[in-house]
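Those sequence lines, one after another, are chains A and B.
Going by the working numbering, 335 is the number at position 335 of the first sequence; the sequence numbering is gapless.
Going by the working numbering, 93 is the number at position 93 of the second sequence; the sequence numbering is gapless.
Careful: at least some of the hints might be erroneous.
Unchecked claim - Facing chain B, a subset of chain A residues (Cβ under 10 Å, in silico):
(1) Val-26
(2) Arg-33
(3) Ile-159
Unchecked claim - The calculated label-pair distances, taken between Cβ atoms and stated as ranges, are:
(4) A/Thr-161 - B/Ala-140: 44 to 50 Å
(5) B/Leu-94 - A/Thr-27: 37 to 43 Å
(6) A/Glu-25 - B/Ala-144: 57 to 63 Å
(7) A/Ser-323 - B/Glu-48: 31 to 37 Å
(8) B/Trp-123 - A/Thr-161: 19 to 25 Å
(9) B/Leu-32 - A/Leu-327: 54 to 60 Å
(10) A/Asn-296 - B/Thr-57: 54 to 60 Å
(11) B/Ile-69 - A/Thr-27: 32 to 38 Å
(12) A/Val-304 - B/Trp-123: 20 to 26 Å
(13) A/Leu-327 - B/Gly-45: 52 to 58 Å
Bear in mind the hints are in silico, worked out from the structure with no lab data behind them.
Every residue, glycine too, gets a C-beta built ideally from N, C-alpha and C.
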Amino acid sequence: MKSLDTPKLLLFFIAVLIFSSCHDEVTSTYTYRTMMPVYLEMSDVRARTIAIEPAKDLDNPGKIYIYEDYLFINEPTKGIHILDNEDPSRPINLSFIPIAGNVDMAVNGKILYADNYVDLLAFDISDINHIQLVKRVEDVFNHLYRHDTGEIITFQDTIITTESATWQVERGWVMSDALSFSANYAAASQSYGTGGSMARFTLLNQHLYAVDESTMRVFDVEVPADPTFVKPIDLGWGIETIFPFKDILFIGSNNGMHIYDASTPSSPTRMSVYEHVQACDPVVVNEDYAFVTLRNGTACWNGVNELQVIDINDLYNPTLKKSYAMLNPHGLGLAGEYLYVTEGVHGLKSFNISDVMAIDQNQLEFLEKEKSVDLIPGPNSLIVIGPDGVCQFDYSNPSKLRKLSCIQVSNPVNVY
Amino acid sequence: MSLKTTILLSCALFFYLNSIAQDKAYFNQTELGFLYGKGSEQWDGSKENRIDVSFITFHGVRITKNHVIGFSTGLDQYNQLSIIPLALGWRGFLGKTGKPNVFAGLDIGGGSALLEKKEENEWSKSWYEGGYLVSPSFGASFPAKKGKSALTLSFAYKRQQISQFVGTFLPPGSPSIPTDLLPPGFSTFTENDFLFRSFVFRAGLLF
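Whenever a hint applies, use it, and build me the whole structure from the sequences.
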């Protein structure tokens, strides 16, 4: 072949060498996940009609509420699923209420309360097939407001790809995305169940109490369909859960348990604060004792993993009765003499707590395969939330749980 | 041509060449030298030079009197990075037998980052992946007085792509969001694609 002559080829290669660019190149692509701010006008949000939609698959369920034979399952920031749970071994997905910005709910009589960004909504659910919005209380969760113009700021989980080498500098706050992310996530998704121990809305004596990170908001709901905002009460930072018992509100924060006297429902007053080390800590209560789990986790480092039994006979002076080592307790539920603890990846435990000094010796069952985050002891079943979705157990025999069903979710909660 | 194809072809060729190694047709050129390149632009616009070791061994078979095809492998160092090149190659000679010759060559294949360790800890993971390699060359050979061997001096241009991946894991407990942009389980992912352009000066032997 003439064209393959060595001299010509040599010439060609020399030309290649001469005309080639001769310094190195680096192209970097940065892909990262972050919470992007989304700005919304409340006037737009309020203008949308909330029309009940057909059943949707559960994606990433948050709080669960038991109402009669129905389960209300919150899809954080999206709305509420309604399921018929007459037969816990075969729950039926009925419909979906689209409520933007919704993270919590509570039911009072025939009225469902749900937050819609800064507003509180009241729905008439007396006919489950014809749910209707009956009242909107405006501007109550106003910590979401960015400024006074009616614009709110929310965050959306977003993935960004950029070739800008300075993204870390430009978006200084992005560097703490793990933090902001888990904080948002904690606020949005980790509040499960009023029946559950991680609730943030609670009802007591014709009043609705809603806690966010630092404030408790009190609503008068004596006329269920007509909730009225009473006042906000400052609680201090790190509030996580609220649990009502008799006329007392037990509020779990990440460094202690606040006890509020709610005998004057419109104006709860602080009785005492039981302080412990920084940790995530849901709380449940019976006549004499409060049960608190402390957990080491993302949003609550430094924590220990234990179950504390606190003597609350003197509400002004709660004292630690005993603490028990746990593996990684997330949520807990009390049903009479029996205490159920979700141990995250480690499983699900049940205890007989009639002797609070020997709870560890009265462990009934440790289901190591049932990874779980939170639970609700319901009237017909024990509802357990975990990576398998929303599972229900027959717990009529507390020492032998029997799995009835699991509702599949497409984006289950990660257990850790 | 993918890296895998190159490896497969090279292996096949290696065994084939081994079988004819005793034959007259077998050709070997082994050289040691250095790679010279200008680094990518720094933040202030300056470029740092890099000079590193380069080793190549080419095994081939004479298809005509002046043409050899085969494969080459060796070791190229780019700063801290050690890359094993693996390429199919050609050598063409000009000159009379027993006299100094000039030659040209072309190697096309890939570089493997096999020697680079994957680093992984609780929070992050990083690793390298090899990429395409093209290297045209020319040089001169000076035959020994006895035997078939010759001393070689060669000059080459080498274009080598290497990718580095650095990812940080999602904090435990985060919900996953389905996406094609991020590999599952990561919250950040950085891909650095390096294109090394080097001049190579080598000396060695052929027979």
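Looking back at the hints listed earlier, which ones does the structure fail to meet? 6, 7
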